[in-house]
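Participant: With the sequences and hints as input, model every part of the structure.
Single-letter residue listing:
Protein chains: 2
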Amino acid sequence: MEKRIGIIGAGVAGLHLGLYLRQHGMDATIIVDRTADGIARARLPNTAAHFAVTLERERLLGVDHWPNPDLHYTCHHHSLPCQKLAFRGDLRRPSRAVDHRIYVPLLMEDFAARGGKIEVENMGVQDLARLTQRFDLVVVASGRGALAEAFAPVAAWSPHQRPQRQLLAGLFTGVRRTDPVGTTLSLSPGHGELLEMPILTFGGMASALLFETVRGGDLEALAHLRYEESPAQFIATVLEKLARHYPQVYHRIDPSSFDLCAANDVLQGGVTPVVRRGALDLGEGKFAIAAGDAHCTVDPLLGQGANVASHSAIVVGEEIVEDVAFDARFCERIERRRRERVLGASRWTNLMLQKPPPELTDLILEMSRNQPLCDEFTNNFNYPERQWDRLASPQRMRAWLDEQGAQAAGAAA
Amino acid sequence: MEKRIGIIGAGVAGLHLGLYLRQHGMDATIIVDRTADGIARARLPNTAAHFAVTLERERLLGVDHWPNPDLHYTCHHHSLPCQKLAFRGDLRRPSRAVDHRIYVPLLMEDFAARGGKIEVENMGVQDLARLTQRFDLVVVASGRGALAEAFAPVAAWSPHQRPQRQLLAGLFTGVRRTDPVGTTLSLSPGHGELLEMPILTFGGMASALLFETVRGGDLEALAHLRYEESPAQFIATVLEKLARHYPQVYHRIDPSSFDLCAANDVLQGGVTPVVRRGALDLGEGKFAIAAGDAHCTVDPLLGQGANVASHSAIVVGEEIVEDVAFDARFCERIERRRRERVLGASRWTNLMLQKPPPELTDLILEMSRNQPLCDEFTNNFNYPERQWDRLASPQRMRAWLDEQGAQAAGAAA
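Chains as they are written, first to last, in the working numbering: chain W, 1 to 413; chain X, 1 to 413.
Since the hints were derived computationally from the structure, they do not count as laboratory data. Keep in mind that a hint or two might mislead.
Facing chain W, according to a computed beta carbon distance under 7 Å, are these residues of chain X, among others [what the hints assert, rightly or not]:
{"#": "1", "residue": "Pro-231"}
{"#": "2", "residue": "Val-324"}
{"#": "3", "residue": "Ala-325"}
{"#": "4", "residue": "Asp-327"}
{"#": "5", "residue": "Arg-329"}
{"#": "6", "residue": "Ala-392"}
{"#": "7", "residue": "Ser-393"}
{"#": "8", "residue": "Gln-395"}
{"#": "9", "residue": "Arg-396"}
In this text, a Cβ means the ideal position worked out from N, Cα and C, and glycines have one as well.
Facilitator: Structure below.
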């Protein structure tokens with residue numbers, strides 16, 4: 001059986017899939033809408049953490065270019081300033097963030113050096129018919145543009161029709177790292193959330209700040225401030241909001257050196273979460289597979305996007321290598337293998353953006369005094385399906401609390 | 001969390017689930033519409049083979065009452081008399097059939113002896129509300145009656161609205177066993193199929209004959225013959241049809257001793273295959289789970305019913321024991337774990353009852369001269385999801401043939 005694979009998109013999903021296929025000697029072509037240089041020079045595309053499960057895949061793919069422990073972080077600091085709560089969850093294995101404008105061009109280079117073909121062209125739905133002539137299987141691994149929309153949203157898993165948060169993400173200088181080095185997750189109920197993360201940028205280590213702002217809340221203005229109109233006012237406003245809502249982060253900032261790393265190191269907008277059908281019947285026995293953001297788009301709050309994309313890419317890659325037909329059963333096998341993780345990420349992220357049920361509030365309070373609970377929650381960033389087993393209903397959250405209570409009582413006895 | 005489990009039905013699904021729960025010290029009640037005596041005295045309920053995967057579960061449950069190898073069989077004999085083809089597939093581990101009127105009462109006794117509660121009462125949909133008061137979870141494990149119909153059929157997996165075959169199943173004396181002892185699967189294209197199987201009956205080992213008859217074919221009359229109206233005519237007709245359509249079986253029959261083992265050792269009718277939703281939301285946070293025939297009913301041709309029921313029972317049992325809530329996520333986890341096997345059995349059975357695509361005919365021909373292929377097909381009776389990976393599309397069947405061809409060439413080289 002011929003297996004010529006066409007991959008649309010050079011994000012984590014497209015690259016990990018392409019590299020996996022080349023590692024197994026298969027014909028793989030990545031079609032991307034910009035050159036590697038264009039990607040490197042573009043505006044900040046995201047602030048993506050790669051959790052340990054993803055770093056492990058990068059090692060297996062031979063593209064772990066950043067093994068230096070100084071580039072990693074080992075914990076999540078949680079803070080709820082309004083309740084004067086601050087606590088830490090430790091990761092069993094570290095995480096790492098690298099600006100994707102560094103990461104993607106380098107992995108494109110790896111892919112090409114290993115015999116992968118890269119073509120620069122903007123693809124639309126009208127191109128699918130032509131692509132099915134060239135390839136035995138087309139994988140759409142780009143969430144941007146109309147190609148992703150060819151995969152219908154699954155209504156049961158796509159409860160929102162608009163973004164749940166307006167976002168400001170930027171790479172900043174002047175933020176002192178936490179000790180131990182970690183990502184901070186801070187909540188300002190009614191206004192939003194802040195994710196602060198050490199990240200490798202073109203200029204070395206810096207801080208990614210991701211402000212998730214609630215419509216009508218005090219932080220919403222951040223999503224609409226324009227740095228290029230007045231850098232000074234932009235920075236002053238960000239500092240003012242940090243001081244008011246996220247003092248634990250503000251206290252680590254040196255105002256005199258606090259600024260964007262560069263003028264285009266900022267991204268604003270919003271993400272409508274969606275889970276799409278994973279496969280598209282193109283007729284004549286051919287199918288297209290969706291991966292990454294084309295399959296499932298999540299709000300960036302929990303940093304699940306890149307990790308789910310990488311998981312999905314390897315599942316798709318393994319099935320391509322192992323299976324004997326690219327038929328409906330092939331699509332079904334892929335869907336079955338990746339669904340738990342994809343849905344876990346999507347549902348968990350959606351849950352955290354809603355008004356928390358009382359059991360979730362209790363869990364957060366309990367985490368502040370219960371290290372094993374907090375550590376499990378933190379390590380589950382690698383395994384969103386396990387987190388969902390814990391959080392899928394008030395009964396489950398209550399059971400988690402009870403289990404921890406029982407263990408604490410046992411340890412005390 | 002309290003886990004009082006109510007199980008409706010004492011077939012393989014209900015009994016294996018109940019026994020599994022008792023093995024794990026859990027509160028389990030089986031509600032059945034007849035006493036064990038009533039079941040033992042009833043008309044033949046089915047002719048169910050238990051494949052090795054099911055026998056293994058019976059060993060683990062401590063209810064393998066028939067370990068004697070003489071009661072087992074070790075191969076499937078296939079015959080296509082019209083093409084003068086006869087060939088054998090060997091089972092890696094033996095299968096066994098015991099009349100369920102022996103099997104079920106004995107396992108009910110085991111269940112009761114191990115602390116399981118048995119209640120004799122006929123349950124309907126109107127009883128569900130009352131049952132949810134008594135039990136934390138209700139499992140409907142009986143395909144008979146309106147309770148199963150409370151679980152909606154899944155249209156995509158339930159393509160047929162009526163039986164694909166009219167059936168005559170009976171336990172017979174006077175059929176000499178094959179050598180080696182095996183089940184025979186015979187095809188009479190356009191007329192039907194015959195499954196002949198060694199089975200332990202009240203009178204010792206005998207032969208189950210299951211005639212699957214095509215509407216309008218020469219065998220259809222068998223489904224409507226009434227033994228009680230004229231035993232002699234019944235037997236004469238069965239013999240005549242065997243001689244014409246299934247000579248390989250007919251030649252092993254001693255007409256002078258050929259008869260039903262007993263007057264009620266016969267079952268006629270037809271099965272409309274259906275896959276139902278596996279869970280039912282009963283409101284107030286309670287759910288009912290469907291298992292066995294309530295979940296998935298298959299035509300008996302491939303003997304998948306009992307085996308899928310047993311698999312499903314253990315999946316449900318494990319999730320009951322391990323999980324912390326009987327919520328929608330619990331139902332989803334069960335569905336995920338058992339779906340592949342259940343759907344594999346259902347789809348494969350449905351496929352074998354259709355006019356075969358040319359690739360399937362080629363596969364059957366190839367099996368007659370290719371032992372590894374035939375053995376894999378035969379052993380896959382234990383793993384219908386693997387069989388479906390082989391048979392789900394013409395491309396897959398062709399790939400299986402190609403793979404076998406390649407291996408044969410390799411072996412010859």
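Participant: Hint by hint, note whether the structure agrees.
Facilitator: We went through each hint and held it up to the structure:
1. Pro-231: violated, 48 Å
2. Val-324: holds, 4 Å
3. Ala-325: OK, holds: X/Ala-325 within 7 Å of chain W, min 4 Å.
4. Asp-327: Nearest chain W Cβ about 4 Å off; hint holds.
5. Arg-329: holds, 4 Å
6. Ala-392: Since the shortest Cβ distance to chain W is 4 Å, the answer is holds.
7. Ser-393: Interface hint status for X/Ser-393: holds (4 Å vs cutoff 7 Å).
8. Gln-395: This interface hint holds because 4 Å falls under the 7 Å limit.
9. Arg-396: Hint on X/Arg-396: holds, closest Cβ of chain W at ~5 Å, below 7 Å.
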